[in-house]
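Asks: Protein sequences, first through last, are from chains A and B. Start counting the first sequence at 1; every next residue gets the next number (this note's numbering). Start counting the second sequence at 1; every next residue gets the next number (this note's numbering).
Just so you know, not all the hints are guaranteed correct.
Pairs involving identical chains hold if they fit within one copy or between any two copies, as the list cannot separate such chains.
In the PhoX-like style, the derived pairs of lysine-lysine whose C-alpha atoms are separated by at most 25 Å in a straight line are [as the list claims (entries may be wrong)]: (1) Lys98 with Lys185; (2) Lys185 with Lys153; (3) Lys185 with Lys168; (4) Lys110 with Lys88; (5) Lys110 with Lys168; (6) Lys244 with Lys88; (7) Lys153 with Lys234; (8) Lys110 with Lys185; (9) Lys53 with Lys173; (10) Lys252 with Lys32; (11) Lys93 with Lys252; (12) Lys168 with Lys234.
Think of the hints as simulated: they come from the structure by calculation, not from any bench.
What follows is each chain in one-letter form.
Number of protein chains: 2
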Amino acid sequence: MKKENPTAALIIIGDEILSGRTLDINTQHVAKTMGQLGIDLIETRVIPDVEAKIIHTVRELSASHTYVFTTGGIGPTHDDITSESVAKAFNQKYVLNKQAHFLLEEYYGKENLNEGRVKMAYVPEHADLIPNSITVAPGFRVGNVFVMAGIPKIMQAMLEAIIPLLEKGIEVKSQVLTAYTQESKIAAMMEEVQNEYIDDVAIGSYPFVQGGNYGDTGTTVGVNVVFRSQSEEKIAQSVRELEKRFTAAAIKFEK
Amino acid sequence: MKKENPTAALIIIGDEILSGRTLDINTQHVAKTMGQLGIDLIETRVIPDVEAKIIHTVRELSASHTYVFTTGGIGPTHDDITSESVAKAFNQKYVLNKQAHFLLEEYYGKENLNEGRVKMAYVPEHADLIPNSITVAPGFRVGNVFVMAGIPKIMQAMLEAIIPLLEKGIEVKSQVLTAYTQESKIAAMMEEVQNEYIDDVAIGSYPFVQGGNYGDTGTTVGVNVVFRSQSEEKIAQSVRELEKRFTAAAIKFEK
Numbered sequence: 001m002k003k004e005n006p007t008a009a010l011i012i013i014g015d016e017i018l019s020g021r022t023l024d025i026n027t028q029h030v031a032k033t034m035g036q037l038g039i040d041l042i043e044t045r046v047i048p049d050v051e052a053k054i055i056h057t058v059r060e061l062s063a064s065h066t067y068v069f070t071t072g073g074i075g076p077t078h079d080d081i082t083s084e085s086v087a088k089a090f091n092q093k094y095v096l097n098k099q100a101h102f103l104l105e106e107y108y109g110k111e112n113l114n115e116g117r118v119k120m121a122y123v124p125e126h127a128d129l130i131p132n133s134i135t136v137a138p139g140f141r142v143g144n145v146f147v148m149a150g151i152p153k154i155m156q157a158m159l160e161a162i163i164p165l166l167e168k169g170i171e172v173k174s175q176v177l178t179a180y181t182q183e184s185k186i187a188a189m190m191e192e193v194q195n196e197y198i199d200d201v202a203i204g205s206y207p208f209v210q211g212g213n214y215g216d217t218g219t220t221v222g223v224n225v226v227f228r229s230q231s232e233e234k235i236a237q238s239v240r241e242l243e244k245r246f247t248a249a250a251i252k253f254e255k
Numbered sequence: 001m002k003k004e005n006p007t008a009a010l011i012i013i014g015d016e017i018l019s020g021r022t023l024d025i026n027t028q029h030v031a032k033t034m035g036q037l038g039i040d041l042i043e044t045r046v047i048p049d050v051e052a053k054i055i056h057t058v059r060e061l062s063a064s065h066t067y068v069f070t071t072g073g074i075g076p077t078h079d080d081i082t083s084e085s086v087a088k089a090f091n092q093k094y095v096l097n098k099q100a101h102f103l104l105e106e107y108y109g110k111e112n113l114n115e116g117r118v119k120m121a122y123v124p125e126h127a128d129l130i131p132n133s134i135t136v137a138p139g140f141r142v143g144n145v146f147v148m149a150g151i152p153k154i155m156q157a158m159l160e161a162i163i164p165l166l167e168k169g170i171e172v173k174s175q176v177l178t179a180y181t182q183e184s185k186i187a188a189m190m191e192e193v194q195n196e197y198i199d200d201v202a203i204g205s206y207p208f209v210q211g212g213n214y215g216d217t218g219t220t221v222g223v224n225v226v227f228r229s230q231s232e233e234k235i236a237q238s239v240r241e242l243e244k245r246f247t248a249a250a251i252k253f254e255k
């Protein structure tokens, strides 16, 4: 039987993602990190810089997951409304945090601590700071919600600092078996093996094209079959089962 | 006053995004396309290949947006459960669509129409097909929900085919003003201009680093100030207002 891992949801806050101006790469980084920690990332949402939407989404996902992570909207400008919105989501006052103020003053110098920078020292009343090893201005944790910057390099540094605080589960390992054939030709075999290992292994099927794109001529098609499980032994067994079927059907494959 | 545009939500369905194995690039393409059509993309969600989750998410977002788009999970294999889940979300039977079956038979040949491929002809009972100019297997529309493939090139072809069916709004135009300074130094100026144009223009502030990364030495920092509005005139006015302030403060900038 599988152990139940802690769960997580991720909220990407930012008009720049929803306008298509910026490609979100934070989801992939958080997803990979959660996988290594054995925390199941159940859902991610991208929402705009709109207070009511932030409050609603934080409350809903906070109630239904072990952890919630947010990225974006904690900078010095008028459109950075995440911190105040999260304070409201938890019915906490939005206050100047002395420790954050001290850190910013030390980093920028008292004479350069303008209004925008001071804004970055405001967090919910009962928040704990998350250190930022890149540009000092901290993120914070309140309840089970971790509020991080949107800039990928800063987000990654904050997530690194959060890791020791998180309850770990059993890491989900994965193995890829690549078959050089059309997906529909191995669909039935994959389903048989999936049904046999339904409690222990999740088998995903991801077709690809080499040397061109879908619909081009002169390309090689293939399928990456991804086996994911907490148990390396179950992965190995189910991989062997599918290899046997590939061999019997004279399908070319490689690990 | 702004005209109310139609709204949209996007649901990315796929374990491969939530495991971090695959970087989602469909969100950005849908976002840009919606912007051009004057349809406001309000939210995107990434959810796993889990039936109950798909049903719940489709119902919730379908009830609160003009349009919902989904990507992923309509292929030939056991883990492609989107079509059947969407049928259940609409309380419709999941049936073989004769037109889809005909298209697939014509494309692959009767002798090659294996079980996996026939699966791709199953859609909700009252669905309309969305053509797929790349690999034939169609998407479909049911109610206000448009179900598309997850492979970017195929998704893009399907979205192209959908465009004529959508009610258009007023395109949101944008202009970027780049300031070569730290974000906090222009925060107050941006806020003044934002407040002056609060009903017509959304001003977003996106810092960047050139020639390195955050925390490196020898880099140039700057801010892309993005003005977004249905009115080009209001954008031009608000840009001029901010330019005036930059000039007065001797801040280097360019359009």
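Asks: Take the hints in turn and mark each one as holding or not.
Replies: A quick look at each hint next to the structure:
1. Lys98 with Lys185: Intra 63 Å, inter 22 Å, cutoff 25 Å: inter-copy only.
2. Lys185 with Lys153: Between copies only: 22 Å across chains, 42 Å inside a chain, cut-off 25 Å.
3. Lys185 with Lys168: Classified as neither: same-chain Cα gap 39 Å, cross-chain 41 Å, threshold 25 Å.
4. Lys110 with Lys88: Classified as neither: same-chain Cα gap 30 Å, cross-chain 61 Å, threshold 25 Å.
5. Lys110 with Lys168: This pair counts as neither: shortest intra-copy Cα distance 40 Å, inter-copy 51 Å.
6. Lys244 with Lys88: neither (57 Å within a copy, 36 Å between copies)
7. Lys153 with Lys234: For lysine 153 and lysine 234, neither the intra-copy (36 Å) nor the inter-copy (34 Å) Cα distance is at most 25 Å.
8. Lys110 with Lys185: Only across copies: lysine 110 and lysine 185 sit 14 Å apart there, 68 Å inside one copy, limit 25 Å.
9. Lys53 with Lys173: between (35 Å within a copy, 23 Å between copies)
10. Lys252 with Lys32: Answer is neither: 30 Å inside a copy and 40 Å across each miss the 25 Å cutoff.
11. Lys93 with Lys252: neither (62 Å within a copy, 38 Å between copies)
12. Lys168 with Lys234: Within one copy, since 21 Å is at most 25 Å while 51 Å is not.
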